[in-house]
Amino acid sequence: MEHTSSATAILPAWETPGVPNVERPPDAPSAIETVDLTRSFPTGVAVDRLTLSVARGEVLALLGPNGAGKTTTARLLNGVLRPDRGTASVLGLDPSTDGVALRRRTGVLTEVAGLDERLTALENLEFSARARGLPKADAHRRARELLDRFGMAARADVRVQGFSTGQRKRVALARALLHDPELLFLDEPTSGLDPTATRQVLELIESLAARGRTVVLCTHFLAEAGRLADRVAILHRGRLRAAGTTEQIAARLWQGLDLDLDLGRPADDDLLDAVRRVDGVKSAEAVPAGLRAVVSGRDDAPRVVAAVVAREVPVYASVPRAPTLEDVYFAVEAEFATDEPVDADDEVVR
Amino acid sequence: MRSAEPTDWVAIRAVIARDLVAIRRQKAVIIPMLLVPLLMLVALPATIGLAASARRDALDIGEFLSSMPDELARPILDQPVREQAVILIMQYLLAPMFLVVPLMVSAVLASDAFAGEKERHTLESLLHLPISDRDLYLAKLLSAYVPTLAISWGGFVAFTVVANASAWPVMGRLFLPTRLWMVMILWVAPGVAALGLGIMVRVSARANSSQEANQLGGTVILPLVILLVAQTTGLLLAGITAAAIAGAVVWVVAVVLNVQGSRRFTREAVAAKL
Chain A
116 MEHTSSATAI
126 LPAWETPGVP
136 NVERPPDAPS
146 AIETVDLTRS
156 FPTGVAVDRL
166 TLSVARGEVL
176 ALLGPNGAGK
186 TTTARLLNGV
196 LRPDRGTASV
206 LGLDPSTDGV
216 ALRRRTGVLT
226 EVAGLDERLT
236 ALENLEFSAR
246 ARGLPKADAH
256 RRARELLDRF
266 GMAARADVRV
276 QGFSTGQRKR
286 VALARALLHD
296 PELLFLDEPT
306 SGLDPTATRQ
316 VLELIESLAA
326 RGRTVVLCTH
336 FLAEAGRLAD
346 RVAILHRGRL
356 RAAGTTEQIA
366 ARLWQGLDLD
376 LDLGRPADDD
386 LLDAVRRVDG
396 VKSAEAVPAG
406 LRAVVSGRDD
416 APRVVAAVVA
426 REVPVYASVP
436 RAPTLEDVYF
446 AVEAEFATDE
456 PVDADDEVVR
Chain B
2 MRSAEPTDWV
12 AIRAVIARDL
22 VAIRRQKAVI
32 IPMLLVPLLM
42 LVALPATIGL
52 AASARRDALD
62 IGEFLSSMPD
72 ELARPILDQP
82 VREQAVILIM
92 QYLLAPMFLV
102 VPLMVSAVLA
112 SDAFAGEKER
122 HTLESLLHLP
132 ISDRDLYLAK
142 LLSAYVPTLA
152 ISWGGFVAFT
162 VVANASAWPV
172 MGRLFLPTRL
182 WMVMILWVAP
192 GVAALGLGIM
202 VRVSARANSS
212 QEANQLGGTV
222 ILPLVILLVA
232 QTTGLLLAGI
242 TAAAIAGAVV
252 WVVAVVLNVQ
262 GSRRFTREAV
272 AAKL
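Chains as they are written, first to last, in the working numbering: chain A, 116 to 465; chain B, 2 to 275.
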């Protein structure tokens with residue numbers, strides 16, 4: 116794949132800083148719309164001119180290293196923090212002014228489970244349900260149901276103090292779902308979970324998406340994001356560096372498609388020259404198992420194979436290799452790794 | 002938008018109920034909170050009452066009282082000699098405890114209001130709940146105020162029972178509570194508790210831990226305790242009207258502090274420190 120991008124080239128036009136609402140897909144009801152959302156702290160800019168759109172029913176993965184601004188973004192979008200600049204609309208509400216109404220319709224799983232250790236699992240959930248206005252009996256019933264669903268029924272009446280990280284996470288997830296929210300912010304939902312619990316949580320998120328719930332997933336686990344997310348948004352030092360599906364971002368990052376040919380030995384120079392002359396081939400290089408070519412598309416692959424076979428070189432396998440989310444993420448990371456820190460001259464006065 | 006939101010009493014009650022359950026289960030908080038009132042309001046009057054009852058002869062405090070202004074000493078000097086010491090100590094000298102206890106208890110509980118949540122990593126999930134800033138602040142105030150009043154008034158009832166019972170051989174009658182005491186307990190003490198909360202909840206919202214909140218708040222609360230101890234006996238001797246006026250002053254300051262605190266409190270400011 117040939118690298119072609121610049122920073123903003125990875126973003127669709129409607130998510131480019133300073134370009135609000137252009138080329139936005141029509142008739143796509145948005146759960147979240149932000150334009151130039153910015154938030155600073157005395158330590159620097161946490162979120163910088165974030166322009167982003169999330170459709171209703173979409174699962175968006177917010178990716179980025181520690182300190183990229185994922186958690187601050189979730190706090191801004193749920194009306195816990197206020198932006199210094201820019202606007203946000205979440206479920207049609209302004210988080211800055213309609214925070215209470217908004218938070219009735221959202222559920223949040225914070226990175227740290229945030230359960231009161233002095234209370235039982237059931238009491239933690241009942242408290243959250245009561246604070247959200249559920250009548251006492253309903254709060255009790257709903258809390259029991261969810262604990263049961265998350266395999267915590269046996270520990271419902273045990274104080275959280277002795278719980279493992281995984282158990283806490285499960286209770287916290289149950290708490291986030293108590294009121295059947297339309298929009299979920301899930302910050303590292305599977306960290307600390309064992310493989311079985313991880314799979315359960317991933318299936319749960321998939322089922323939520325299938326039921327039309329919007330999910331904003333902040334995670335470090337790329338495989339998890341790749342499996343769950345309809346689109347990803349990659350943040351780096353508070354700036355949105357890339358957004359879209361893996362394929363969309365890859366198409367903006369690279370031209371062409373990797374094609375690996377297993378020849379049983381590295382390709383020699385003559386073979387590489389022959390391959391380079393094939394229509395649609397952008398480049399070719401030898402690898403230990405054979406050769407790797409960059410072609411314009413899948414349709415070019417048979418011609419490459421034919422060119423190799425014509426030179427009486429056996430082809431054991433031909434694998435068009437689409438870039439993975441991991442490829443995309445690290446390519447974006449590498450692109451911005453040497454960036455200067457974002458200018459923090461507009462620090463907010465609290 | 003803060004004022005437009007109607008008060009959500011269901012959510013406020015939920016926060017208070019949770020906090021009360023949690024406080025009840027926290028031995029490190031509950032033991033000192035009960036121990037101090039037990040010592041001051043039960044052990045101390047019991048010892049004094051029993052000691053006075055055990056004496057065969059009356060303790061003559063006439064000389065001590067004569068050094069006080071006549072209008073202050075007269076109500077005690079008018080009583081039989083053997084009752085004078087009990088009345089002086091039980092009715093007047095121990096009275097500051099009724100104001101120190103609510104101030105101390107409210108300070109201990111209020112310091113935990115937000116700083117404790119931060120320490121326990123429960124603050125963020127609390128901030129993500131659909132409770133307005135004002136209601137959250139009010140809930141935290143009441144979470145500390147309700148147990149403070151319960152302990153103060155419970156302590157007062159215990160004091161009254163213990164003092165009357167232990168001094169019965171000397172007094173031969175129920176000498177507590179007096180009308181003046183009722184003003185102190187029902188009017189001044191709740192005001193003092195509210196004053197303590199007005200200071201400590203604000204401190205707690207700014208502090209990073211309960212310990213830090215206690216240290217910061219202590220610099221304000223301790224002088225208040227000293228002031229109360231110094232002034233309460235004089236206030237009692239000065240009569241009901243003076244006590245009522247002093248209570249009103251305390252309430253005004255407390256209301257100003259708490260209203261200001263509620264207006265200035267924003268989850269934004271708290272979340273920005275997470």
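Think of the hints as simulated: they come from the structure by calculation, not from any bench.
Incorrect hints may appear among the rest.
[Unchecked claim] In the SDA-like style, the derived pairs of lysine to any residue whose C-alpha atoms are separated by at most 25 Å in a straight line are:
| hint | chain 1 | residue 1 | chain 2 | residue 2 |
| --- | --- | --- | --- | --- |
| 1 | A | LYS251 | B | ILE24 |
| 2 | A | LYS251 | B | GLU120 |
| 3 | A | LYS251 | B | PRO7 |
| 4 | B | LYS28 | A | ALA312 |
| 5 | B | LYS274 | B | ASN215 |
| 6 | B | LYS274 | A | ARG200 |
| 7 | B | LYS274 | A | LYS251 |
| 8 | B | LYS274 | A | GLU232 |
[To be verified] Computed spacing ranges between beta-carbons, pair by pair:
| hint | chain 1 | residue 1 | chain 2 | residue 2 | range |
| --- | --- | --- | --- | --- | --- |
| 9 | A | PRO144 | B | GLU6 | 25 to 33 Å |
| 10 | B | VAL256 | A | ARG342 | 55 to 63 Å |
| 11 | B | LYS274 | A | ARG436 | 41 to 49 Å |
| 12 | B | GLU6 | A | ASP373 | 52 to 60 Å |
Virtual Cβ for every residue (Gly too), placed ideally from N, Cα, C.
Results of checking the hints against the structure:
1. For the proposed pair LYS251(A) and ILE24(B), the alpha carbon gap of about 21 Å is at most 25 Å, so the pair holds.
2. At most 25 Å may separate the alpha-carbon atoms for a hinted pair to count; LYS251(A) and GLU120(B) exceed this at roughly 28 Å.
3. Only pairs whose Cα atoms come within 25 Å are accepted, and LYS251(A) paired with PRO7(B) is accepted, the gap being roughly 21 Å.
4. With a C-alpha separation of about 34 Å, the suggested pairing of LYS28(B) with ALA312(A) is violated against the 25 Å cut-off.
5. Proposed proximity of LYS274(B) and ASN215(B) is supported: the alpha carbons are some 18 Å apart, at most 25 Å.
6. Note on LYS274(B) and ARG200(A): the hinted pairing holds, with a Cα-Cα distance of about 19 Å set against a maximum of 25 Å.
7. A distance of roughly 33 Å separates the Cα atoms of LYS274(B) and LYS251(A); the hinted pair therefore is violated under the 25 Å criterion.
8. Proposed proximity of LYS274(B) and GLU232(A) is supported: the alpha carbons are some 22 Å apart, at most 25 Å.
9. Range check, PRO144(A) to GLU6(B): about 27 Å between beta-carbon atoms, so the 25 to 33 Å window is met.
10. Checked against the hint of 55 to 63 Å, the pair VAL256(B) and ARG342(A) passes, with Cβ atoms roughly 56 Å apart.
11. Taking 41 to 49 Å as the suggested C-beta distance range, the pair LYS274(B) and ARG436(A) conforms, at roughly 47 Å.
12. At roughly 56 Å, the beta carbons of GLU6(B) and ASP373(A) sit within the given window of 52 to 60 Å.
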